[in-house]
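Protein chains in written order, with this note's numbering: chain A, 1 to 580; chain B, 581 to 1160.
Read the hints as simulated data drawn from the structure, not as lab findings.
Since the model is a prediction, treat every value here as computed from it, not as a measurement.
Backbone N, C-alpha and C fix where the C-beta goes; we use that ideal spot for every residue, glycine too.
Among these hints, one or two may not hold up.
[As the list claims (entries may be wrong)] Cβ-to-Cβ under 7 Å is the rule here; a few derived chain A residues that face chain B:
no., residue
1, G248
2, E250
3, F547
[Said to hold, decoys possible] Sample of chain B residues with no beta-carbon within 12 Å of chain A, all distances over it, derived:
no., residue
4, A607
5, E738
6, A750
7, E764
8, D784
9, E1090
There are 2 protein chains.
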Amino acid sequence: MWQYQAPLRDIRFVIEEWLKAPEDWKAIPEFQSLDLDLANQVVMEAARFSTEVLGPLNSSGDRQGCHFDNGKVSTPDGFPAAYSAYTEAGWPTLACAKEDGGQGLPMLLVAALMEMLYSNNHAWAMYPGIAHGAYRCLRAHAPQKIRDLYLQALVTGEVLPTMCLTEPQAGSDLGLINSRAEAEGDDSYRLTGNKIFITGGEQDFTENILHMVLARLPDAPKGPGGLSLFLVPKILPNGNRNHVFCTGIEHKLGIRGSATCSMNFDAAKAWLLGEPNQGLAAMFIMINSARLHIGLQGLGHAEAARQIASGYASERLQMRAVKLPQQQPRGAADPIEYHPAIQQKLMQLKSSTEGMRTLGYWVAHLDDISKHHSDSTQRVQAETWVRLLTPMIKAYFTELGFNLSSSALQVLGGHGYIQDNAIEQTLRDSRIAMLYEGTNEIQANDLLVRKVLGDDGAALQSLILRYQEEANVCSADSDCKHFSVALARVCSQLADISDELISSSAHDPEAPYFAAGEYLRIFGLVSFAFAWARSARLARDKSDVPFYASKLETAAYFFDQLRPEVNYRLALIRSGFRSP
Amino acid sequence: MWQYQAPLRDIRFVIEEWLKAPEDWKAIPEFQSLDLDLANQVVMEAARFSTEVLGPLNSSGDRQGCHFDNGKVSTPDGFPAAYSAYTEAGWPTLACAKEDGGQGLPMLLVAALMEMLYSNNHAWAMYPGIAHGAYRCLRAHAPQKIRDLYLQALVTGEVLPTMCLTEPQAGSDLGLINSRAEAEGDDSYRLTGNKIFITGGEQDFTENILHMVLARLPDAPKGPGGLSLFLVPKILPNGNRNHVFCTGIEHKLGIRGSATCSMNFDAAKAWLLGEPNQGLAAMFIMINSARLHIGLQGLGHAEAARQIASGYASERLQMRAVKLPQQQPRGAADPIEYHPAIQQKLMQLKSSTEGMRTLGYWVAHLDDISKHHSDSTQRVQAETWVRLLTPMIKAYFTELGFNLSSSALQVLGGHGYIQDNAIEQTLRDSRIAMLYEGTNEIQANDLLVRKVLGDDGAALQSLILRYQEEANVCSADSDCKHFSVALARVCSQLADISDELISSSAHDPEAPYFAAGEYLRIFGLVSFAFAWARSARLARDKSDVPFYASKLETAAYFFDQLRPEVNYRLALIRSGFRSP
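Given only the sequences and the hints, what does the whole structure look like? Please build it.
Here you go:
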């Protein structure tokens, strides 16, 4: 049976060497008291909590699932207690501001925590997963009275929030939302409507639940510009039960320990967050935060899959390998890790997983810089990059998370298909991440149409410059020269295809929508190339240490695959399929 | 809720126009009495049976699963009755020889039946799925006494067979099998050992079960050359219970209505089939038959996925499309089938599914020719091609079946993730086909190392000549010229990479194993190109009929994607990743 091993060595490499985060922290007043030792302690504690408390509940939670009875939801055995342990250890407070009772630590450390939560128990991690986004949203948009009532409870984890967006007829298209709210005359509203696919809409972790609900005011314009954001607490400040009830839960392919609820709001008491008809913008604080976390789900799944596959491949003996390492004794059959088809899968798992970790943590670190850095130029630039990278992180990472789970399952052969081996659950759990918080197709349109075409490629250009800078530094090192050349080459290919799409979209507005999916993958690949070129350069001088030697070898594998794949995806865009 | 519609129009196109099967049947004594009308009747009856009897049991069978209690297995409600209906309708007799009480119809019609069984209920179809292979094997290798006892019962479906190969330590590597058999002195043996992953090892469809078991005789050499094939009936000819028992069933990702059994043979009475130590060759009659059927599972899943996705996409309204067909009225939101990202998925589903049907049925037809054609040159050539195409059909189709199920699931967004919509089950069920009867990696090695390198590319060359012949015919038609050029081009690319691999393997025996996976995909793509070029040429003159217009449009889509993908996979092979 597989036992998760927190990838502490690689996490340390990313935080300390790749990001050089401690240097940046010095320039951020908020993080003055933070140093590498403290950061490492937090990461190790997060590893311990995830591994010891959540890991053991993953399979049992999946088999037991959630149960719905007359408006109440029971989560799997052990889930509520694990949440109590989570709040008692102070995990929800991690990145909340000190003035709100938080620890004021960086989102970078939250990213490490989240990766490990998702590797160990995706279903459980769904409940607290959006709490920090709700905290940010409430902090930015709630009136003082509401902040006084709930902000503290959100920081400590005493309450959990939900995001109530989807309705049966309104999924990707939030403009079709029908839920409505009418002013009560005091500062409150009455909100009526039905929502579906609400994670934790009902649960047994917390007494109270804060529903963040998109709905329409009576005079609101049609479409997304007529949505307002409301807070609907399950329990009202006076202790009464509000008129919001769970009417059922979904039976799903995966994340079965996560309660996906249908919710009925029956003139429920609500408070407006932010301005009327500006609800979508306010909600996007939560949505963007969620999208980054979902990218980390892809990483978490891939890391779990990588561990399961490589553990199995080192122990399973089948057939003789054509070649063996010198120190490996010949048997009647050899470990399958020495068979080429398995080697390729293991290398793919390693290169993708470490690439995701590097980029995912980088974006979390950029998020910290964008919010807290003392230099406003740095803040603005970091924010621009986070905005551009977010849809790629969400879509590309989750596609990888699922595909790599399938690839790892294949390493186990028929044994991968049965429940006793954890990988079939990883496959099922990972599949949701390509769908929720905006399908991956929505992310691709967001990246290309809104974020690249939207500013004629300006933000993209600044990011490509950053990537090229790395290529330049890399090129000075003769052992990394070929990585540098490859990175520079794919950077200019990305710039070229972006220019082409900017100009073709002017006369053919449908063209970018046909290109968007492959464009996002190319952008992902080029970003991975940036990550791997830098990793290789940093590992280069220490290649007598196995960890760094393996980094270099993995970089070489990545760059072998890179150009064929970039060229392929460019050719698909240019092959010109159009609607009939 | 999705309702399966048998793809009768396309099946007719393949049998009648693409294969021109009725012309070939005239040259086959066995099929003299067969004409198109009779073939169509059989296909329509198969459609009715699959749709009306099996379809309704698919979801319920998945949710209920199989249950094991004290050596007995209960299959889901309705499964045994559906099997009675199947045998009463004479389906098992379809392609059995008339002299054995069969109908003497072609395997081509079995392929159509199988496709529809798999689209409707993969789990159920597992039980009778290998019966025809066992019939062939028994017919070829069983002594007269055993044939007299069991052949008739296998033809009528009164008994069902199993394939007992896998043991805990012996999966891909059958050479590691430990089960052993000792002669009794009469014509029988005592067989002892443990087998796992045995489909229908125990069930409640038939009184008796015929286990086909690989085991070793006392003096057998080590490895695969020391395996002999035995028949172990559950109930002995004298009516006594044989000492073979089911010790448990697996809990699996999918095909939950199919009982996957662990079996214990405790000095069970056994009869030798074929010669001592020649068991693997005898078993390969069943294995090869099973591999073709598994390819048809990929097709069946893809067809189901295509139908689910296109039905949903035509009804689901979300967001305005940039462009709409002229006749489509503008709404507040448009059917998602008009959004480019969805269009691409639907076209991919259609082009792959129809391509698989054409090729899968072609191989079934070649199988008929190889066994029954009056001209021995044709028989030999057909057999050569079947042998070469089998691993591709198994691996490439099942990979497509799974990937297309995932793609179809994506079309449904979050709704694809919940049990109420059938697609999440299709995704789970389809995944097994990449694993069993030799993982797809084993198929890739079989294709390249055994079947291409094994005869220095001779068989492949004859197949490529057939493909090029189609390109030549196609090139005479100005509207199909570009398809012809593309087909000819990828044919020569396949020939080139084959030559390269033949020559590189001479000095680097590991090289083909690194190339095998992508090589199989290239071989698949080139075969699809052959199928689509011919389809386009046949559709060309009738393009005022919507069915043929859609064929042409789908061919155009396929050829747009073809060259980028072939070039990509060639580049991956040539990028040269080797083991560290």
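Cross-check of the supplied hints:
1. G248: 11 Å, violated
2. E250: 5 Å, holds
3. F547: Constraint on F547/A not satisfied, violated at 14 Å.
4. A607: 40 Å, holds
5. E738: For E738/B, whose nearest Cβ neighbour in chain A is about 29 Å away, the distance exceeds 12 Å, so it holds.
6. A750: 8 Å, violated
7. E764: 30 Å, holds
8. D784: 22 Å, holds
9. E1090: At about 4 Å from chain A, E1090/B fails to clear the 12 Å cut-off, so the statement is violated.
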